[in-house]
Structures are given as structure tokens and as C-alpha cells.
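As given, the protein sequences belong to chains R and W, one line each in that order.
The numbering of the first sequence is the working numbering, which starts it at 1 and goes up by one.
The numbering of the second sequence is the working numbering, which starts it at 1 and goes up by one.
Where hints are given, some of them may not hold.
Claimed, not checked - Some but not every residue of chain R turned toward chain W, in silico, with C-beta under 7 Å:
(1) 43
(2) 139
(3) 169
What the hints assert, rightly or not - Simulated coverage check for chain R against chain W, where a stretch passes if three residues somewhere in it have a Cβ under 8 Å from a Cβ of chain W:
(4) 118-125
(5) 197-204
(6) 226-232
To be verified - Calculated pairs, SDA-like style, for lysine to any residue (alpha carbon to alpha carbon, straight line, at most 20 Å):
(7) R:231 - W:236
(8) R:143 - W:278
(9) W:270 - R:142
(10) W:20 - R:143
(11) R:143 - W:291
(12) W:142 - W:132
(13) W:288 - W:319
(14) W:270 - R:230
(15) W:20 - R:230
(16) W:270 - W:319
(17) W:270 - R:43
(18) W:270 - R:73
No lab work stands behind these hints: they were computed from the structure.
Cβ atoms here follow ideal geometry from the backbone N, Cα and C, with glycine treated the same way.
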Amino acid sequence: MASAGTQKSANALARTTSVDEGRQIFLRGCSSCHGINAEGGDIAPSLIGVGAASVDFQVGTGRMPLADMSQQAARKRPLYNPEQVAALAAYVASLAPGPEIPNQVVASYERDGNTAQGGELFRTNCAMCHNFSGQGGALSQGKYAPSLMGSTPAQIYEAMITGPQSMPVFGDKVISPADKLSIIKWIKAAQNEPNLGGASLGRIGPVTEGLLVWTLGLGLLIGIAVWLATKAR
Amino acid sequence: MSKEIERLSDPGLPDHVHRKADVDPRAAKKAERQVAILFSLSVIGTLLFVGSYLWIPATTFLFLPAMGSTNAQQLFLGLGLTLATLFIGLGAIHWAKTLMPDNEVIAERHEFRSEEKDRQDFVDTVKTQAAAAGLGRRPLIKRTLGIALGLVSASPLLLLRDLGPLPKKSLEQTSWEKGTRLVTDPGNLPIKASDLEVGAVAQVLPELKSNQERTLNNLAKDAVLLIRIRPEEFELSPERLSWTHEGIIAFSKICTHMGCAVALYEQQTKHLLCPCHQSKFDVPRAAKVIFGPAARPLPQLAITVDSDGYLIAQKPFSEPVGPSFWERSS
Numbered sequence: 001m002a003s004a005g006t007q008k009s010a011n012a013l014a015r016t017t018s019v020d021e022g023r024q025i026f027l028r029g030c031s032s033c034h035g036i037n038a039e040g041g042d043i044a045p046s047l048i049g050v051g052a053a054s055v056d057f058q059v060g061t062g063r064m065p066l067a068d069m070s071q072q073a074a075r076k077r078p079l080y081n082p083e084q085v086a087a088l089a090a091y092v093a094s095l096a097p098g099p100e101i102p103n104q105v106v107a108s109y110e111r112d113g114n115t116a117q118g119g120e121l122f123r124t125n126c127a128m129c130h131n132f133s134g135q136g137g138a139l140s141q142g143k144y145a146p147s148l149m150g151s152t153p154a155q156i157y158e159a160m161i162t163g164p165q166s167m168p169v170f171g172d173k174v175i176s177p178a179d180k181l182s183i184i185k186w187i188k189a190a191q192n193e194p195n196l197g198g199a200s201l202g203r204i205g206p207v208t209e210g211l212l213v214w215t216l217g218l219g220l221l222i223g224i225a226v227w228l229a230t231k232a233r
Numbered sequence: 001m002s003k004e005i006e007r008l009s010d011p012g013l014p015d016h017v018h019r020k021a022d023v024d025p026r027a028a029k030k031a032e033r034q035v036a037i038l039f040s041l042s043v044i045g046t047l048l049f050v051g052s053y054l055w056i057p058a059t060t061f062l063f064l065p066a067m068g069s070t071n072a073q074q075l076f077l078g079l080g081l082t083l084a085t086l087f088i089g090l091g092a093i094h095w096a097k098t099l100m101p102d103n104e105v106i107a108e109r110h111e112f113r114s115e116e117k118d119r120q121d122f123v124d125t126v127k128t129q130a131a132a133a134g135l136g137r138r139p140l141i142k143r144t145l146g147i148a149l150g151l152v153s154a155s156p157l158l159l160l161r162d163l164g165p166l167p168k169k170s171l172e173q174t175s176w177e178k179g180t181r182l183v184t185d186p187g188n189l190p191i192k193a194s195d196l197e198v199g200a201v202a203q204v205l206p207e208l209k210s211n212q213e214r215t216l217n218n219l220a221k222d223a224v225l226l227i228r229i230r231p232e233e234f235e236l237s238p239e240r241l242s243w244t245h246e247g248i249i250a251f252s253k254i255c256t257h258m259g260c261a262v263a264l265y266e267q268q269t270k271h272l273l274c275p276c277h278q279s280k281f282d283v284p285r286a287a288k289v290i291f292g293p294a295a296r297p298l299p300q301l302a303i304t305v306d307s308d309g310y311l312i313a314q315k316p317f318s319e320p321v322g323p324s325f326w327e328r329s330s
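All chains should be built: construct the whole structure from the sequences, respecting the hints.
Structure (C-alpha cells):
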């Protein structure tokens with residue numbers, strides 16, 4: 001009992017320190033846009049209640065801090081290391097309750113997910129924006145749904161529960177946590193899919209293949225036709 | 001003051017210039033070797049094709065720059081066959097261009113018109129035979145033959161009827177009825193209003209009755225997208241507002257332009273996009289078309305909740321879903 005109690009208070013202590021550390025990072029790196037108390041501003045939303053999951057996704061994928069004020073925050077090298085991201089997440093989570101980082105939930109996706117079912121869910125709920133093989137696609141006015149080929153299981157789960165940027169939220173009642181694991185398992189299977197027939201050309205379907213044939217292929221044929229018609233010397 | 005224009009003389013054909021291989025036996029020998037090398041490369045391609053089929057296991061994968069993980073057998077089968085056919089072609093062309101005879105041959109054109117006697121003979125034959133058949137003297141035969149030929153050539157039109165049953169009213173009806181529950185797709189689970197957060201979407205279908213099954217024809221008309229936004233963001237007529245429930249609004253997912261599934265929802269702008277022709281619908285304004293070729297807003301499904309709190313349809317769609325069709329009344 002005693003040791004459990006000590007363990008608990010030690011956890012609480014660790015939590016407070018990381019909240020403090022997170023607040024420091026927040027004041028230095030985020031508050032100029034999101035406000036001193038994360039209340040939001042003219043150019044950035046309030047972070048009160050967005051939860052640790054949202055911070056882990058946005059900062060962990062390098063989307064935040066924003067590189068520029070373009071249409072959409074792009075995935076890039078994260079500015080903060082995992083400990084700093086965790087501290088930031090702890091600080092934002094301490095402001096108001098919100099979705100937690102699903103590290104433990106996604107740990108069992110390999111065991112509890114069902115690839116075939118995940119594929120069906122993906123095609124109904126995700127494929128219209130992220131492409132039927134998860135390669136991403138265009139939205140309007142320069143916005144786009146990113147490729148999922150570099151996403152980790154936790155990031156995929158976080159995106160579904162927090163709805164970052166243009167993406168809508170897929171709550172646990174609409175897509176159950178078990179179904180989310182199936183979707184993750186399907187995406188991981190798609191990531192590991194080798195190119196069985198040579199160059200996949202981005203796996204975005206017949207448009208790229210056609211474009212390549214119509215430019216490179218026809219160019220080659222025109223070159224051959226020119227060679228055919230030149231007189232030998 | 002007209003100046004006499006000097007008549008240009010026919011310059012004729014340029015002198016025939018012999019190729020190197022025509023005059024120099026050493027060059028001819030060299031060209032011969034080049035053709036032989038090209039054909040030999042084709043043989044190597046075929047050997048690569050056969051060899052990779054026989055000796056590369058089908059499960060071996062290579063990592064190639066710019067191509068990623070690639071099946072080695074398929075790669076070398078393709079490369080082998082390409083080289084085999086390409087070098088036969090290159091060899092044949094090089095052979096023709098360097099060694100085969102290259103002297104110009106002139107073929108004179110002939111008049112296309114037949115000779116006058118042949119043309120007259122033809123007309124005479126037709127006239128004599130037509131007179132011999134007596135079509136002009138026997139109108140009964142002429143008319144019955146005309147009817148017979150006309151009917152037999154028109155009869156295949158009847159087969160067009162077999163292209164399918166007439167659509168009747170099916171294009172204007174969906175499975176949605178008063179009180180039909182909204183269920184998730186896939187999963188077939190009923191949805192409560194509280195299941196959707198603000199900013200959430202759900203792909204839904206009508207709940208099946210015990211004797212129904214989902215056919216593709218029904219799926220193509222029944223698919224509905226549920227979107228929840230803040231109720232104060234709606235800019236709807238009072239009637240349309242009564243079709244929503246606590247900020248949840250339901251639209252047919254079938255584009256009114258060409259029938260693609262409109263499900264690209266941008267949560268921040270609250271626009272729905274159609275992936276096929278980039279039509280854009282503004283969700284808070286009853287899916288008004290704000291860009292693209294769609295002619296009408298997406299039909300809105302009137303929803304409410306039943307006594308158990310599950311989302312249900314208030315009534316069927318008030319207009320046909322999907323693209324325009326000939327007999328569409330509204």
C-alpha cells in the first residue's frame with residue numbers, strides 16, 4: 001500500500017514538473033499566436049480543451065509551430081524532441097480535459113485490428129480525401145489531404161479523434177475504438193505493400209500512368225520516327 | 001510595264017549520294033557487325049527473360065531508388081522482354097538503313113477514272129437486267145418486297161426493349177421513409193445525436209427492414225452524410241432549419257451533377273467537395289452550390305430523434321437525389 005502511494009505521488013510530482021516545463025516551452029514557442037494562456041488570438045485558435053492528443057499530433061508531426069501562414073500546415077521535421085512534446089501536451093491537457101494521447105490504445109492494433117474490416121471502413125470514411133491507397137489527395141484552394149504513408153499508429157488515431165485542420169472528427173461512437181484499430185492496421189498494411197509490378201508511380205491510379213505514357217512513351221516513339229526517316233550516310 | 005517572268009526550269013531530282021556502306025566494303029562490314037550486335041542484344045534480353053522466370057524466386061524484393069521495394073522477378077521479366085523486342089526492331093531498322101538497297105524508285109500515278117467503254121458497259125448491263133427483271137411492270141412484287149425489306153430491317157429495334165426494365169418511379173424514390181433510423185456505414189449501428197461532436201461527420205444509410213437487403217441500386221441512392229456544426233452557424237430557412245437536429249444536418253451523398261459520392265468535407269470552411277468535377281457545396285447554407293458544374297444543392301434529408309434518442313428521418317427526401325434525368329419533375 002505504502003509503495004503504491006509513493007508511486008502515485010511520484011507520478012503526480014512528475015506530472016507537475018512536466019506541466020511546468022510544458023508551460024515554459026509554450027510561453028516561448030506558442031504563446032505569440034495562441035495567447036499567453038492558450039486562449040487563442042486573431043490568427044490562432046484557443047487550445048483550451050483540445051487535449052494532449054491534439055498537441056501530440058500537431059507538434060509531433062512538425063505541423064506546429066507553423067512554418068508560414070500558407071493554406072495548410074505541412075508535415076515537417078518536428079522542432080521539439082519527444083520529451084518536450086510530452087511536456088507541452090501535459091501543459092495543454094492541464095488547462096481543460098480533452099482527448100488523451102492514445103499510445104496505450106494503439107499498442108494492440110496488430111492483435112486487435114482486422115485488416116479487411118479496416119479496408120472497408122477506410123474506403124467509406126477516409127478514401128474520398130486520402131485516396132484509396134492512403135496516398136493523399138487535393139482539396140480546394142491549395143488545401144490537401146496528406147499522404148498517410150509516413151504516419152504512425154498513434155498519429156492516425158489522434159487525427160481521427162481530434163480532426164486536425166480540414167479533417168472532420170470521427171468520434172468513438174461513429175467509428176468505435178476497435179474499428180479505429182482496424183483502420184490503423186489496414187493503413188500499416190498499405191504502407192508495407194511492395195510494388196509488385198515495377199514502379200508504382202505514386203499509386204494514385206491511371207492518371208499518372210497515362211501521363212507518363214503520353215509524354216515519355218510518345219516522346220520516345222516520335223524520336224524513333226525521326227530516326228527512321230533520316231537518311232543514312 | 002509587266003515584266004516578263006523568266007520560266008523556272010525543272011530542277012529535277014538531286015543526285016543520288018551513295019552511302020558509305022555502298023562504296024566502302026569496310027564500312028559495309030562494320031554496319032553488318034553493328035546489326036549483328038543489335039540482334040545479339042535482343043538474344044541477351046530473351047535470356048534475361050527466361051533466366052529470371054526460371055531462377056529468380058517470385059518472392060524476392062529489391063529496394064531501388066525512386067521505385068521503392070520492387071518484385072525482382074517481375075522487374076527482370078519486363079526488362080528482358082523490352083530489350084528482346086526493342087533490339088530486334090533497332091537491328092532491323094539499322095539493317096534497312098545502312099545495307100538494304102536505297103536507290104530511288106519512281107512509280108508513275110495512274111488515272112483513277114475507268115475507261116469510257118467500261119463505264120458505258122456497266123450502265124448498259126444494269127439497264128438491261130433491270131428491264132429483264134420487270135420491276136416496273138410488276139408493282140405488286142415491288143411493293144411487297146419493299147414492305148418485307150423495311151420490316152426486317154426495323155425489327156432489331158424491338159430488341160432495344162431488352163436493355164433493361166423501365167426505371168418507372170425508381171429514380172425518384174429512395175429507401176428513406178418517415179421514421180427510418182440512420183445507421184452507420186459500414187456497421188449498421190443506430191446513431192444518437194450525442195454520438196456526433198461538433199466538427200464530426202458520419203456516413204449513414206437507412207436501417208434495413210427485416211425483409212430488405214442492401215443492393216447496389218439502393219446504395220447508389222440512399223447514401224447520406226451527417227455533419228454536425230454549431231447550430232448558430234446555420235443560414236437556413238425556418239423550414240430547412242426544422243429539418244436539422246441540434247446542429248446535425250443530413251445531405252444526400254450523391255452529387256447532383258454526375259452522381260459521384262460527395263464526401264470530402266472540409267471541417268474549417270464547412271464546404272463539401274465532389275472529387276469528380278470539383279463542385280463545392282456550402283453546408284451551413286443548405287449545401288448551396290458555390291463552385292463547379294452541379295446544377296442544384298444536395299437534397300437535404302429531414303431528421304429528428306425518436307423516443308429512444310436515435311436519429312431518424314422525418315420523411316422521405318422531398319426531391320429526387322442524384323443527377324438530372326429526362327423525366328425529372330423538380
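- If you check each hint against the structure, which ones fail? Violated hints (numbers, rising): 1, 7, 10, 14, 16; every other hint is consistent with the structure.
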